[in-house]
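Trainee: Chains A and B, in that order, give the protein sequences.
Here the first sequence is numbered in the working numbering, starting from 1 and rising by one per residue.
Here the second sequence is numbered in the working numbering, starting from 271 and rising by one per residue.
You may find that some hints are simply not true.
Listed next, with one range per pair, are the computed distances between beta-carbon atoms [to be verified]:
#1 Val377/B with Gly233/A: 23 to 31 Å
#2 Ser3/A with Ser539/B: 28 to 36 Å
#3 Glu484/B with Thr103/A: 45 to 53 Å
Part of the chain A face toward chain B, derived, beta carbon under 7 Å [to be verified]:
#4 Ile15
#5 Pro127
#6 Ile249
#7 Leu251
Calculated from the structure, these hints are not laboratory results.
Just so you know, these numbers come straight off a predicted model, no measurement behind them.
Glycine residues also receive a C-beta, built at the ideal position from the N, C-alpha and C atoms.
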Amino acid sequence: MKSLKEIQDEFQRGILAGDDAILADVNDSGKEGRKVLFGVYRYGYVARLGEILGEDYEQVHAYLGDRAFANLVKAYIAGNPSDQRSVRWFGRHMAAFIAKSRTFAEHPEVAELATLEKALADAFDGPDAEPLRLAELAEVAPEAWPGLVFTPHPTAIRLTFATNAAEIWSALKNETAPPTPAKLPEPQALLVWREGFVAHFKPLSTEEAMMWDEAAKGVRFSVLCEMVATFAGEDEAELRAASYLKGWIDLGMLTSFVVLPCPDGAQTLS
Amino acid sequence: MITEKPPYLGFGLGLRPQHYQEILDGNPAIDWFEIISENYMIEGGQPLYMLDQVRERYPIVMHGVSMSIASTAPFDMDYLRALKALAKRLEPKWISDHLCWTGVHGVNLHDLLPIPYTHEALAHVVDRVNYVQDFLGRPFTIENVSSYVTFAQSEMSEWEFVNELARRTGCWLLFDVNNVYVSAFNHGFSSIDFLNGMPRDQVVQFHVAGHSHEETHIIDTHDHPVCDEVWDFYREAVAYFGPVSTMIERDDNIPPLAELVDELNHARSIAGEVLGTAADAPRLVAAE
Chain A
1 MKSLKEIQDE FQRGILAGDD AILADVNDSG KEGRKVLFGV YRYGYVARLG
51 EILGEDYEQV HAYLGDRAFA NLVKAYIAGN PSDQRSVRWF GRHMAAFIAK
101 SRTFAEHPEV AELATLEKAL ADAFDGPDAE PLRLAELAEV APEAWPGLVF
151 TPHPTAIRLT FATNAAEIWS ALKNETAPPT PAKLPEPQAL LVWREGFVAH
201 FKPLSTEEAM MWDEAAKGVR FSVLCEMVAT FAGEDEAELR AASYLKGWID
251 LGMLTSFVVL PCPDGAQTLS
Chain B
271 MITEKPPYLG FGLGLRPQHY QEILDGNPAI DWFEIISENY MIEGGQPLYM
321 LDQVRERYPI VMHGVSMSIA STAPFDMDYL RALKALAKRL EPKWISDHLC
371 WTGVHGVNLH DLLPIPYTHE ALAHVVDRVN YVQDFLGRPF TIENVSSYVT
421 FAQSEMSEWE FVNELARRTG CWLLFDVNNV YVSAFNHGFS SIDFLNGMPR
471 DQVVQFHVAG HSHEETHIID THDHPVCDEV WDFYREAVAY FGPVSTMIER
521 DDNIPPLAEL VDELNHARSI AGEVLGTAAD APRLVAAE
């Protein structure tokens with residue numbers, strides 16, 4: 001008699017690979033043949049995961065239309081058996097899968113659309129953290145400002161897109177016609193994060209993105225100001241840096257700060 | 271190790287995101303909620319916040335779909351640790367999963383797959399249930415699944431298997447009324463034989479649900495209202511077991527909360543007819 005292990009191996013191959021060996025181990029019912037009955041598991045596997053991918057990648061679905069999305073989903077399911085305890089993470093490789101697919105070689109916006117949808121989903125149920133309030137920063141003495149180091153919200157994800165996928169996403173979300181896909185003259189920086197219970201994204205200017213990336217690495221505020229000055233000119237560099245900072249705090253993108261002592265000779269803020 | 275039998279909770283629903291706000295705003299007449307454990311094995315955000323809010327007002331039970339208790343693959347220890355951590359946060363009245371396997375070789379097929387009812391499988395599942403109970407420090411609760419195939423290798427009926435599993439491990443049972451009905455139809459056994467084969471004292475919960483009838487077989491889709499035949503069988507189950515915490519299980523085509531409360535009230539009225547006042551559970555204080 002076959003062992004439980006042998007039966008489970010066969011059963012799984014029957015679902016994943018269409019192997020019919022398992023049919024020798026299961027019975028016809030009085031009303032239906034075993035192939036149809038086992039087919040409930042085969043069909044159920046593809047249908048269930050397809051439904052999940054449709055929920056996870058709603059705008060990719062809307063963008064591609066039913067037929068192309070169904071083909072994508074079918075190929076993804078065939079190539080990516082789940083190793084996750086929850087279907088929540090089954091579709092996590094979708095953007096990479098699309099990026100490697102020859103079908104979408106001429107449409108890089110599709111993979112970026114999937115990247116954005118996944119980032120929003122990850123931000124939605126990512127870690128909780130109280131956002132930093134402006135009032136907390138107001139208590140910092142002016143002479144301590146150069147040493148400020150900020151902590152981004154733990155749900156924050158930085159993306160850089162080569163196409164107008166973010167604009168396409170917004171149009172689809174609003175159920176309006178998406179713009180023609182296009183490669184952008186300059187890469188577009190985006191920040192995805194959760195504010196309250198809602199996941200958002202915000203386009204960042206190249207300068208703001210540079211400052212965010214450096215701030216997220218733990219670079220102190222005086223150095224951030226120097227970098228901003230180097231990036232786009234010294235004129236009002238500190239004001240620009242302070243303005244970005246205020247925007248991040250207003251939108252709940254930061255959670256805390258520490259004040260590090262400034263090294264000797266470090267620039268002080270005017 | 272907790273050993274006492276969990277309390278009778280009355281009539282509950284599965285907690286679904288579509289109903290979070292209505293539950294918190296309206297304080298509807300629902301005695302308790304069951305959660306899908308895996309849906310809350312996340313780091314933060316609205317789902318966990320809402321769950322904590324509901325937990326402050328209602329008793330919670332945890333119901334999993336990925337333990338794969340009957341799998342021949344090793345346990346996913348990260349999963350068990352996450353389950354235990356969630357149980358610590360929620361202090362559920364009990365924790366359940368299905369008598370099934372969900373995959374081998376590191377794969378999760380995200381389905382509740384059947385097993386052959388053999389002595390080998392029984393010994394294997396007994397060992398695994400004992401392991402889980404030791405790990406969680408409390409009795410585990412096992413639910414019968416709907417199935418579409420039976421195995422040529424089976425050496426006993428499903429109810430003999432379940433009965434022996436409960437006897438050897440002391441686990442509690444979640445008797446899914448719909449699943450028995452579905453499997454009885456699919457495999458041509460008597461649902462009453464299944465019922466009469468159950469140990470009366472081990473059952474702590476009922477699931478009642480809808481399904482999809484495909485003429486030659488029934489698929490357990492949980493996307494329809496409960497049909498009359500399942501309600502009739504529920505009536506038999508209540509008569510056999512006495513008061514058992516009852517839940518309407520809807521996983522797809524989620525209707526407005528009021529519709530599910532109506533179905534729940536139908537269950538209440540059936541239990542009331544069969545048992546008289548014994549079915550009236552006092553509204554429990556969740557934070558006890």
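Trainee: So which of those numbered hints doesn't the model satisfy?
Mentor: Violated hints: 1, 2, 3, 6 and 7; rest satisfied.
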